[in-house]
Each structure stands twice: as C-alpha cells, then as structure tokens.
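Could you fit the two chains together into a complex? Lean on the hints.
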Amino acid sequence: MPIMKDLLGRTAVVVLVILASLLAFLPNLLEQELVIAFHTRLRMADRSRVAIDPEVIKDFRIDRENGLRYFFPDAECTPEAGDGLPETHRCVMRGRFLTAARVNSLTHAFPQVVDESFTYVKPHAIEKFFAILSDDDARNLKVKLGLDLQGGMRAVFRADFAGYQDRQQEKVKPLLEKAQTNLEAEEDPEKKAELQKEVDTLTSSLELTKEKKLELLNGARKVLGKRLTDQGLTEPEIRVQQASYTISVDMPGAANSSDVLNRLGDMIRVEYRIVNKKISKELMDNHQEAVVKEIKELRRLLKKKRMKKDDIDDAIARITELSGLKAIDGRIFIEWAASKTGQKAVPRSMIVLGPPALDGEDMRAASVINNPQGPGYFISFLTSARGEQLLGDLTSKNIDERMAILWGNRVISSPTIQSRISSSGQITGNFSLDEAREVASVIQDGALPVELQVLSVNFIGPSLGQESINTGIISILLGFVVVILFMLGYYRMTGIVAVFALFLNLFMMAAIMSIFEFTLTLPGFAGVILTVGMAVDASVIIFEKIKEDLSAGKPASVCIEHGFDASFWTILDANVTTLIAAVILWSSGDAPIVGFALVLFFGLLSSMFTALYVSRLLFDWGLHLLRFQTLSIGWRMQKKEESK
Amino acid sequence: MNFSKYKYLFLSISLAIILALLGTTYGYFGGFERSIAFNGGIRFSILMPAGQGRQELSQAAIKAGFKDPKTRQTDPRTNSFDLELGPDLRDKIDADLKEERQKKQKIIDQLRKEDKDIPAELMTRQSVADVVAEQLLPELGVTSDSIVSRETIAASYGSDLGWMAVKLLIYTLIAIGLYLTFRFDFPFALGASAALIHDILMTIGFIGVMQIQPSIPVLAAVLTIIGYSINDTIVIFDRIRVNVHERQQATLGATIDLAITQTLSRTVITSILTLLAALALFMGGESSLRDFAMVLIFGVFIGTYSSIFIASNAVQIYDSIRKKKRAA
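Chains A and B, in that order, are what the protein sequence lines are.
For the first sequence, the numbering used here gives the first residue as 1, with consecutive numbering after it.
For the second sequence, the numbering used here gives the first residue as 645, with consecutive numbering after it.
Source of the hints: derived by calculation from the structure; they are not laboratory data.
Mixed in with the good hints, there may be bad ones.
Pairs of lysine to any residue, SDA-like flavour, derived with a Cα cap of 25 Å [unchecked claim]:
| # | chain 1 | residue 1 | chain 2 | residue 2 |
| --- | --- | --- | --- | --- |
| 1 | A | LYS210 | B | ALA739 |
| 2 | A | LYS178 | A | ASP311 |
| 3 | B | LYS707 | A | SER468 |
| 4 | A | LYS554 | B | LEU902 |
| 5 | B | LYS714 | A | LYS210 |
| 6 | A | LYS210 | B | GLN746 |
| 7 | B | LYS711 | A | PRO355 |
| 8 | A | LYS58 | B | GLU728 |
| 9 | A | LYS212 | B | THR796 |
| 10 | A | LYS222 | B | LYS811 |
| 11 | A | LYS210 | B | ASP735 |
| 12 | A | LYS210 | B | THR796 |
Just chain B, same shape as in the assembly (with noise of 0.2 Å):
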C-alpha cells in the first residue's frame, strides 16, 4: 500500500481539523466544559428525613432544575447528605445575583435622593447558596434547618494543574526525543514528537466539542493516550530501522510504506483489543467511566492514525528537506 505519497495532504487535513476542533471549542461553545474537581461549585450538608436517601435528593434537585448534582451520604446515623452542584450554576446565580443588587441599588439611591425611607427588603443581601436552598427546599419538603451547611467551594485542583501538564509534556518530549535520537535517529525522534503532539491537541479538540467535564479520569485518558500512541509510533519505527538495513537500495518513502503494512495486521489488533475493552466501559454507562472511555476510543483512533500517516511522514519530510539542503 501507498501510505506516503499523499504526505502533505495528511499533515494539512490534520492541521485543519486540529484548528476545528478548537475553533469550535472557542467559538461555538465558549471554551471547555467546567467541572465541580477543576472549578469547584456548591456544597449543601442536607439532613434527610428517615427513609430518604440520596436517590430522592438527587431527584429533587434535578426537579428544581439543577444539571449533574453529585451526592454522598455523609452520616448514616444522622442520616445526612452531601449535595454538590457545578459551577456554572454557581456562577449564573452570582451574576443574577449582582445584576439584582445593582437594581436595587439604583432604586435604594433614588430613595435617597428623594430622601424617602428604605424598605428593609432592599437591604437584604441573599448568597449564592441562599438562592439554591430557596429553590431546593420545596422539592425536598424540609425546611431550611435541614440544611446543616452551605458553602461555596473552590476546585480541588487548581489552574496550575494545567500549566504543570504543558511544562511535563515539553520535559517528556525533550527526553523521548534524545532516547530516540540515540536508538533510531534524529528524524525519528521528529516524527515521534508530531505524532504525540498531534494526538495530544486532537484529543484536547475532541474534549472541547463533545464538551466532556474536566475530571482526574478524563486526564487519566489522555496520559493514556500519549503512552499508546507512542508505542504505536516505535512498533511501526523498528520495522522501518530493520527494513533499511535489509533493503539499502529502496527509496526511503517505500521502506516507511512496507514497514507500515507489515505492522499493519499487529496495528488493527491492537487497536481492535483496546477498542472493545473501552467500548465496553463505554456501554457501561457509570458516567465517570463513560467520560475516560468516550476519550479513550478517540485516542486509539487518532494514536493509531497518526502513527501511519503522522510519524512516518513527518520523517520522510524532513528526509527530504536534508537531501535538498545536501543537493544545494
């Protein structure tokens, strides 16, 4: 098969679905989806009347209108629970809330003016969390000294978490690099890193538009990926290494094509194994599973494209770039 000869259309049409992805990302949904573990939210501590668990909580919340409440019983003896809520509900409440206050604040300053006397329901100043109870507690059916706490909570994880990810990327690329520099050669380790930077902005893209929440097992899946789709870039780099020792005559664009299809029966297995274990997790249905194996299964599509198409192109390209330096 002729893997290599449409090299540049590949790169293009990764390039421009990459820049998709995180176009739409931006600019169709505003950015990625946030999570309650990245950006933290709501905390209630719910006392629950007897016989009541956290299934009719969950329900009840999700009665008064709130997305994706998460919650755990906390003392069974007390019977209490923990109640959770994401941020943007949080932070859509906070806003209605400031817009609210800025209104009355526009008429407490008219009053004043006018030096009349203030109603003691203008000065009154409500809480996010003040604002959920108020909505929660008809569904629920108890009353607010139910609710033992409430509190705003921050994310578990914090903005840095992100930044430290792009400064280890960069260090493993740097180290991959010079192993595969002293194993193969220079323009492998080139055609590695592409591939591993591919996969690893196709599969953010990909986080971005199907708008999947940040989460510990979501960036579980992508380091994952980068372990997979690295395996797949070096299995398919040795046959090249062996086949240009064995066949010194061929052009090198014909090694990459033979070394792919001789890989090619090992590539589909592979690929087919981990696609079967994640789909299983994937019909599964436990949503934090779901989220890890939704990531998974584009991951083994994108690592095991860009390990034919990706990697060995990208060493072929630069081949040709060094020979028309040489020539020159």
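So here's chain A without its partners, still in its complex pose (with noise of 0.2 Å):
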C-alpha cells in the first residue's frame, strides 16, 4: 500500500530525529572519566624547582578532609601513566556530572599539587563522533548550568598601564620627535598652530589619566566579553572594579582555566616591524660564553612541549643584557618558521626588531585567503587612511630591508621589502584555517587595548540559595504542568498529539543546547520552557481550524488534511518572521542577546518540526493504523453532536 510506505518513511525520519537527540543530550547524563595530572616539580617562591614525592601524591588521593576526596567523595582515582606523565603522577577516574565548575573547584583549592593544564575530562565517544561539528577531535555535549545555579569561576585581571606606556612610549616617540622637528622649523603660524596642536595630542596620548585609565579598562571589558562568546562561554558577568583598576570576569563552567584565561588576557596583536639586519647578525654571530649558553637555554625552553611564558621572558631578558643589546637598536624577538615536515610552526631563530611600524588598529577589512603556492593561509587587509600612510612611509624608506610581521610575540614571517605598498597588504605565515580566522577577528574585532594579567583566581558559589533554586525550579514545572493539563482538558484525546510534541520539542531543545554548550540559568530554563510552551501555539492553531471544519460536517480525514495544509503558511509565516528578528539579534554579538537568540532561532525550528511535520504524522496514523472515524478533540465538539 503506498499510504503504508509513505507513512513508514515518515516514521523513520521522526525516529532518526528522536535518536539524534538523545545522542547528543546522553553525554550530560554518562559516566565519565576524569583525568587528573599532579605536578612532577613543585616551582618555589626562589624560583628553584624541589621534586614532589609520590608519595605525598598518593595521600592526596586518598585523604578525606584537605585532598582529592572532600571534591570526590565516592569516586576512586586509579594511576594510570598518560600524556608523558608517568603512573605515580596521573590517575583517572570515573563519575557522573562531572561539570567544569566541579574539576575547576579541585585544582583552584590545590594549585601546588593538581596539575591543570594536563588535568581534563575526557571525551565521551558520542562527544567524538560529533567531532564533525567541531575544529577539536571531539565537541563537547555539555549543559552548562549558570551563574546563579551553580556558581563558577571568578578571574580578577590587572591591567599592565606600565607595558602599556611603555608601548605607548616606544610607538609615539620617533612621531612626537618628528613633530617637534618639524614644529621647529615650521615659520608660518597657522601651520605652527597645527603642528603645535599635533604636538599637544602625541604628548597627551602619552598621559594616563584616571579617566584613560578606565576607558582601557572599559575597551578591554568589551574585548573580553566578545572573546568569551566567541569560545562559547556564554552568560559571563564582566565588571569594572574602579578602586583598584581590576576587571573581574564570572565564568559559569568554564573548563581548563588557566588556558581560557591566558587567551583572553593575551594582549596578541598584528604588528609590523622592521628588521635590524646588522644587530640581529652580530646577535647570532655572539660567541661570548655566557651568551651562547643562554641561547641554548632558550632553546631548550622553545622545544619543550609545555612552554612556560615566564621562563622564556626570562630567558630572552638575560639574553638581552648579556648581549649588550640597547634599547634603541631593539627588542630581541623569537622568529618561527615552518618544521621541516611543514605541518607545524616551530621557533627557529632570534631576530632584532625596532619599533612597531604598523599594528592591528591600522588594518580593516581583513580576510582569509588560501595560499595558491601551497599549504596553509594567510591573511590579506585593507588599511585604514592613517595605515595606508604609515605603510607607504615605511615600504618606500625600507627597500630591501626585511619587514617582520608579529602575531603576539611571535615573528611569523620576515619578507623583504621589494617595492612600496600602502593600502593594501597580507599577512603571510603558515597559518592553519584556525590561526588565519583568529588573526583576522582580531584586526576586525580590535585588540585588547591593554594586556590583562591574572591576578587571582577563585571558585564562586551559586549566585542563588539552595532554597530559592528549588522554589524556582518547582513553579517552572509547575507552569509546564499546568500547559499540559490544559491541552489535554481542552482537547481531549487530540491533546495527546500535542503534549506528544511538546515533550518531543523540549528534548530537541535539550539536545541544541547540549551541541551548543548552552548556559542554563534559572531564568533561561524559564525562557525555554516558555518558548516550548508557546509553542503549542502551532498545535492551536492547527486544532482550532479543524474543529472549524468538523463544526460544518465535514469527515475526519478531510478535516485533518485540510486543517494542516490551511495552516501550514499561517504557521510559517509567524514563525520565519520571529526567525527574522531571530537572526537580528544574534548578529549584534552581545553575550546575553546571543544566548537568547541561539534559543529562540532553533526553538522555533524544532516546534515547526513537532507541530507540522510530527504530529501530522501521529494524525495520519490514527487515521491509517488505527483506523479511527471520529476526532475527540474537545468539549464544544461533543456537545454539538449530542444536540444534533
């Protein structure tokens, strides 16, 4: 019968969905394992390293009151030797809701012993086979809970005004000298007047006032918010602490801290700089003892796969006063270049660079390209008209001289300057698609405008009590309730169809939320279940024009086919204009906005789909399978047949 084989195909699309999203929403609810790393070498205040005994590791295990059991209280940690730790320092173990805010509370409380970077939650399989979905080799499929349920982490940063002055120095210097040269010479008094102007905002921009001190604080809290929402940290609180010139970020949730937070404090930049050929020679061609050690220091800290920021800083200022190198010819530089497999970059060399020439403000419009003479990508930009006349500057005055151009500390590719070019220009390197999209979000989205240091880091509890959590959740379900009742009050067995799809849709949102690491807080759960609620609109709809129809003595089946297919555009108008505004707010890319707008847009796709598509396929089962002639679908219904 082809009604039969239509049918069956519907099922089975209905059911794939069902399956799809219990895929993606079991991970919440699995067991898993979680990796814990100890530190092999405990780093003393002297900076001197003192080797950490197994033994006090394994006390740690076991011990109840100050250890790993007061977090875990019924979970063993088996060693097991892993990520070039060996078996005394690693264990695994496994458990249930092991949510970031729990692992985070467990290395926050012990810093000197659990090591963070190596400790993780490991994948589920399912998260793996969802890796199509994700740059990573697995995505994670977690519900995140808020701030106010769950609490999080709180990260207070510093502002680095001293780097930033001197950066501010280093930049506006040769300018502001150039200005008064020219201010000097200058004999008409109107153009006086306008260099002297120009003079007064160079010395002015060198200033750090109050008020610039909290308009850098100010830009670097919008930065931090963007690149919070940009690695699906949604749902942070942000704030400015004015008295002590600090921002303090709220994360809900967030996983492996300590690298969230050194990307977002990350001051990385685009900046061009021009090469000293001669100093960056004699530097390599240094043969003093003491130097060349250092170098080789150096470049034993670059091999290690676990780099240490601190260290090379270190390194390279050593390095900086052996040498002799002053000020004015540069700043030492570590260049990067391709391995010789040409998969990864690899630090190479040590470079001298002068002063930043042109950076990330000066560049608009930056794309993505792909390199046609090989692997990788690169980034090509447009200038700004101050970029445009700085690039032009510096091409025309530099030819064949070597132009370095940073991303962050790294010198990721030295071209020589062959003719001169200004208002357009390319950021070359062997970028992976990753890096190229990161450098280019940068330009476009601004760097920080000040380099944050952490300062401290600490768990914060619920923002909510226990109690208020309960009431909370218990008048959300209640209000669900309530909208289930009233479906199946009204329309009777019909009203099956709808709770049917209401409970369908809710596992569908259930499953985007887990795809897109949703952060759910109370209010949010509210939203949700509203939305879901709101929902049966469609159901409504579609059920009050079938009765219209039934009311003139039409049959079941005519009535149902009809009472869809009118629908149908009703529907899919409201629907693809709430889609609209949708989309709207997503665009604007503010934390908060976005997170609703996420819900909103695949909310309203999933109810679309459980009220157009699924519970028209429950109707034609009822017709087809069970082959029911009459429609209970509510009160006002009956009773018009009992009068007739």
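Structure representation (structure tokens):
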C-alpha cells in the first residue's frame, strides 16, 4: 500500500530525529572519565624547583579532609600513565556529572599539587562522534549551569598599565620627535599652530590619567566579553572594579581555566616591525660563552612541549642584558618558521626588531585567503587612512630591508620589501585555517587595548540559595504541567498529540542546548520552557482550524488534511518573521542577547518540525493504522454532536 | 464583533497610556529603577565566622539598613562570602560623603584663616565602602579584619546595551517589514511594525512604573514579548489575507472583523496558556523569576490587545488614507 509506505518513511524520519537528539543529550547523564594530573616539580618562591614525592600524591588521592576525596567523596582515582606523565603523577576517575565547575574547584584549591593544564574530562565516545561539528577532535556536549545555579569561577585581571605606557612610548616617541622638529623648523604661524596641536595630542596620548585608565579598562571589558562568547562561554559577568583598576570576570563552568584565562588576557596583536639586520646578525654571531649558554637554554625552553611564557621572557631578558643590546637598536623576538615536515610552525631563530610601525588598529577588512602557492592560509587586509600613510612611508623608505610580521610575540614571517605598498597588504606565514581566522578576527574586533594579567582566580558559589533554586524550579515545572493539563482537558484525545509534540520539542531543545554548550540559568530555563509552551500555539492553530471544519460537518480525514494545509502558511509566516528577529539579535554579538537568540532560533525550528511534521504523522497513524473514524477534539464539538 | 469601528479611539487610548506610563516613570519616580547588573554597586568579600553562612550575612545587611543584598559563597574552606549592594546605596553614601567633605573643608579653611591647628579627624577621608563597612560590622559581629576586600564595581553591561537594543530594533523592523511586504502587502508591514513598537513602548513604560530592576531576565522577557507579539499579529493577518481572497466584495473593515472573530478562540487559548505558565513563575516567588514573569504577563495582555486593536486598525487607517488620496 502506498499510504503505508509513506507513513513508514515519515516515521523513520521522526525516529531518526529522536535518536539523534538522544545521542546529543546523553553525555550529560552518562559516566565519564576525569584525568587528574599532578605536578612533578614544585616551583618555589626563589624559582628553584623541588621534586614532589609520589607518596605525597598517594596520600592526597585518598585524603577526605584536605585532598581529592573532599571534592569527589565516592570515586576512586586509579593511577594510570599517560600524557608524558608517569603512573605516580596521574590518575583516572570515573563518575557522573563531572562538571567543569567541580573540576575547577579542585584544581584551584590545590594549585601546588594538581597540574591544571593536564587535568581534564575525557571526551565521551559520543562527543568524539560529534567531532564533525567542531575544529577539535571532540565536541563538548554539555549543558552548563549558570552563575546563579552552580556558580563558577571568578578571575580578577590587573591591567598592565606600565606595559601600555612602554608600548605607547615606543610607538609615539618617534612620531613626537618628528613633529617637534617640524614645529621648530616651521615659520608659517597657521601651520605652526596646527603642528603644535599635533604635538599636544601626541604628548597627551603619553599621559595616563584616571579617565584614560578607566577608558582602557572598559575597552578591555568589551573585548573580553566578545572573546568569551566566541569560545562558547555564554553568560559571563564582566565588571570593571574602579577602585583597584581591575576587571573581574565571572565565568560559569569554564573548563581548563588557566588555558582560557591565558588566551583571554593575551594582548595578541598583529604588528609590522622593521628587522635590524646588522644587530640580528651580530647577536647570532655572538660567541661570548655566557650568551651562547643562554641561547642554548632558550632553545631548550622553546622545544619543550609545555612552554612557560615567563621562563622564556626571563631568558630573553638575560640574553638582552648579557649581549649588551641597547634599547635604541631594538628588542629581541623569536622567529617561527615551518618545521621540516611543513606541518607546524616551530621556533627557529632570534631576531632584533625596531619599534612597531603598523599594527592591527591601522588595518581593516581582514579576510582569510587560501595560499595558492602551497599549503596553509594567509590574511589579506586593507589599511585605514592613517595606516595607508604609515605603510607607504615604511615601505618606500625601507626597500630591500626585511619587514617582520608579528602575531603576539611570534615573528611569523619576515619578507623583504620589494616595492612601496600602501592601501592593502598581506600577512603571510604558515597559518592553519583556525589561526588565520583568529588573526583576522583580532584585526576586525580589535586587540585588547591593554595587556591583562591574572591577579587571582577563585571558585565562586551560586548566587542563588538552594531554597530559591528549588522553589524556582518547582514553579517552572508547575507552569509546564499546567499547560499540559490544559491541552489534555481542552482537546481531549487530540491533546495527547499536542503534548507528545511538546515533549519531543523539549527533548530536541535539550539536545540543541548540549550541542551549543548553552549556559542554563534559572530565568533561561524558565524562558526555554515558556518558548516550548508557546510552541503549542502552532498546535492550537491547527486544532482550531480542524474544529472549524468539523463543525461544518466534513469527515475527519478531510478536516485533518485541510486543517494542516491551511495552517501551514500561517505557521510558516508567523515563525519566519520571528526567525528574522532572532537572526538579527544573534548578529548583535553581545553575550546575553546572543544566547537568547540562539535558543529562540532553534526552538522555532524544532517547534515547526514537531507541529507540522510530527503531529500530522500522529494523526495519519490514527486514521490509517488505528482506523479512527471520528476525532475527539474537545467539549465544544461533543456538545454539538449531542445536540444534533 | 465589531473591532474596527472605534479604531481611532483605541489608538488614542494606547498613546495616552504609553505617555502616562513614561511620564509617571520620569515625573514621579525620576527614571527607571537601577540595578547592579546595569549600574554597578559595591562588593565586599567577607570571612564569616564558622557556622554562619549567606543567610546570616543577608540578615545582617538588611538589619544594617541595606536594601536587596546579594550574597554568594566564594570559598567553602575559609567560609568566605561575597556581599553585593546596589547602586542607590552607593550613590547616596557618595553624596553624603561629598557634603560632609565640603563641610569639613569649610571648617578647615576657617581654621587655616585663623591660623589654628587642624584636628586630625578633619583630615581623614572615608570611602563609600568604609561607611558601609562601619554600619555592617556591628550587625555581623566580626572585626574589620574579616573584610578581605572592598570594591566599587561598575556595571557588567555598559550603557551601550541600550543603544544597541534600539539599533537592533530598527533593523528588525526593517527586515520584518520587507518580509511582510513580500508575503502580504505594504500596509500589513506597517501594521505589524506599529503593533511591535506599541508593545515595546508599553512594556518599557510598565517596567518603569513598576520600578522593576532592569536585569538580563527582564531584557529576555522583553525579547520574548517581541516574538509573541509578532506571532499573534501574523496569525490574524494571515486570516485577513485568506478572507480577502474568498470574499472580494466585503469591505476591508468587515473582512478584518471576521478574521479577528475567526481567530479569537486561538488567540484566547494561547494567551491563557502563556499566562498560566507565567503566573506559576510569578507565584513561585523567586525574585529573578518574578520580575521576568511580571513583565511577561503584562506583555501577553498587551501583545494580544495590540494584535486585535492596533495592528489591523493601522492597516485599515493606512488603506483608507490611500483610497482618499486615490479619489482626490
């Protein structure tokens, strides 16, 4: 029978969707493995290192008062070697609900013992399966609980104003000197006033007033918010603390926080600097024993898998001091180049560079371009009005010199300038697609205006008390139950179809929120339930249409078909307009609104699917499989039938 | 039923209500209520004595005369807690301190003139956090050593959020307007926009008059209302479109009335369902949910009202103006 075949096909689609949703939501409930790594050495205050005794770790693992069991009372951590760590310094634990917040509370309570960078929750097999959705080898499928329900982490960042001033000096000094000489040479009073103005603005840009500091902090706050949202950390709370010139960032359920924090506070920016060829060569040819030794040490540090930024900075500072490099000649940077296999960039050599000549602020409209000559990507950009002048000057004066392109502290390439360029440029280097996108986004969104250093990191509890959470959740569920009872009471048997659609909708939403690592706050939860509840509107539209036809005396099968067909465009138009609103809200890029838009968008899609596709299938089942002739669709209809 | 007869009356009533709401907000309350999320405040980190927790901290803060204290645990092992207080308190103390400082300065100037020694207490300067701590400590029964840090905090969402919202709203209106012009006709785009702006202004006025603290949940409620309002309006418009095709002789007013009557049962059922769910949240009493629910309940009423009395009437008014122009 063709009808049966059609029904079967549609049933298969619905079953597939249910299974896929189940798969995406399941990792929230299943047992997972937590890997806990311990430090092998302890860094003392005087920078010396002391090895940690395995016995200490063994004791820590079973300590219920002041150790692992305090945080995970009922799980045993079995020693297991891996990640380059021996059995004595690593263990694996199995458990449910291993949320990032719990892991963080452990790592931040014992930073001296637990090595955070190698402590992680192993991705579940399902999460590995969903890797197609992610750039990594697994997609995290967890619904996170928000700051109000579970708390999270608070990191306090201090702005490095000294570093900002150094940079400002390095950048503005040459311009200021040039302007001052121009001013002295100028005779025309009108032009003189203009130059004086320029000198004044440049001088004032070197000053760091209270207002300027707060302005920088506020700029940093915005960039932080954007970066957190980009990493899927929605619903953070970021505040400038005016009295101490710090920024506090509250993050719900941030996993592997040190990694996140480093990336957050990193003022990675794009820069052009001219290579000081003579001094660079002198440095590499320096055969002083002390310098050679330090260079060797630096090489060793750079080769390590787990690079410590502080150690590298220290080593560079020592080399600068020993080799007698003067500030006027430039600063030492490390040049990175493709490894022999051409896969990854590795640190190659040291290079001395002059002051920054052009940076991301002078660039705009960055786009990622596939390198036609080989593997990898590069970034092409247009320059701003100021950038055009700077780049033109720079390239025309330095033909045959090498120009270094920096990404953060790394020199990623240093091509020789062949001719004058001004209105556009390229950032070459052996980028992967992700890296290239990151560089482009920093140019587009702007770098942090001032470098941020992590001052403190600590765990914070939920902002709502347990009692409020309980009453809140009860009232949300109560609202949901009331909607269900109303539908069943009002539409009788047909109401079951709507309620089934409602639950499937909720289920799909849970899966979608897992996939997007949605942060669930109490009001967010209420909003989701309410959106799902409002989605019964589609069912109401269809049912009311069917009722209208039934009261005109048409047979049930005709009414159902007409009811769905006539309602299709109504529901589509109503939903598409709301979808448009969701997309526009999404594009705003501001953290709290983006989260809302995301849920709204997918909630609308899934409610359209359940109302138009799934409930129609259920009706057809009733008509063709169960052979219902009449429809139980509510009291008003029955009364009419009785009176007939 | 005759919904479109008194079209100008409904429009005027709505306009009057909006003006009254906004007028009361600014005239009587002096603006919108402020919140820690949007206006900042003061934050203390306090080591509580063993056995005491957030409840004791909240109670102490209320006893000390501070409204709406927000508390949370920050370190279970040292039993430390955060206490956050709102912007009103901060600004009030700030103003008091400024006044006091000026008074002191006057005395100091006077003493200087008379060449007398200035007592040390006149030279000390108190910060806002100091004043709060002074009032809080006796109620808490701890010493000032227990206050680990005191900070004035800025808003976690800047003033730019408001402007961005306006910008987003305009984009949304344009995009939805284009879609409705394409799917229906230009007057319908106009009607839907009128209803949407009506609902948003009403809701903002309601938030102002009820002095609801702006927060992210409240913002989410406003956004939900936008979705609800559009949905409601389109369902009626769709019926009008069908009816126009089926009954070409009828006047637009009659067609609209018929469409509203036909969709009335659906409008009522959906509104009741949403109201019931929102009411449960409101009765639950959890404060962040209560604000959310309150705005939503108002929004559902307004959204239903506007799709029946504003959106369709705007279509009709535009239509009659167009006809008059054509006739002239």
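Checked hints:
no. : hint                     : verdict
1   : LYS210(A) with ALA739(B) : 20 Å, holds
2   : LYS178(A) with ASP311(A) : 37 Å, violated
3   : LYS707(B) with SER468(A) : 21 Å, holds
4   : LYS554(A) with LEU902(B) : 22 Å, holds
5   : LYS714(B) with LYS210(A) : 29 Å, violated
6   : LYS210(A) with GLN746(B) : 22 Å, holds
7   : LYS711(B) with PRO355(A) : 53 Å, violated
8   : LYS58(A) with GLU728(B)  : 41 Å, violated
9   : LYS212(A) with THR796(B) : 18 Å, holds
10  : LYS222(A) with LYS811(B) : 18 Å, holds
11  : LYS210(A) with ASP735(B) : 20 Å, holds
12  : LYS210(A) with THR796(B) : 15 Å, holds
In summary, the numbered hints that this structure violates are 2, 5, 7, 8.
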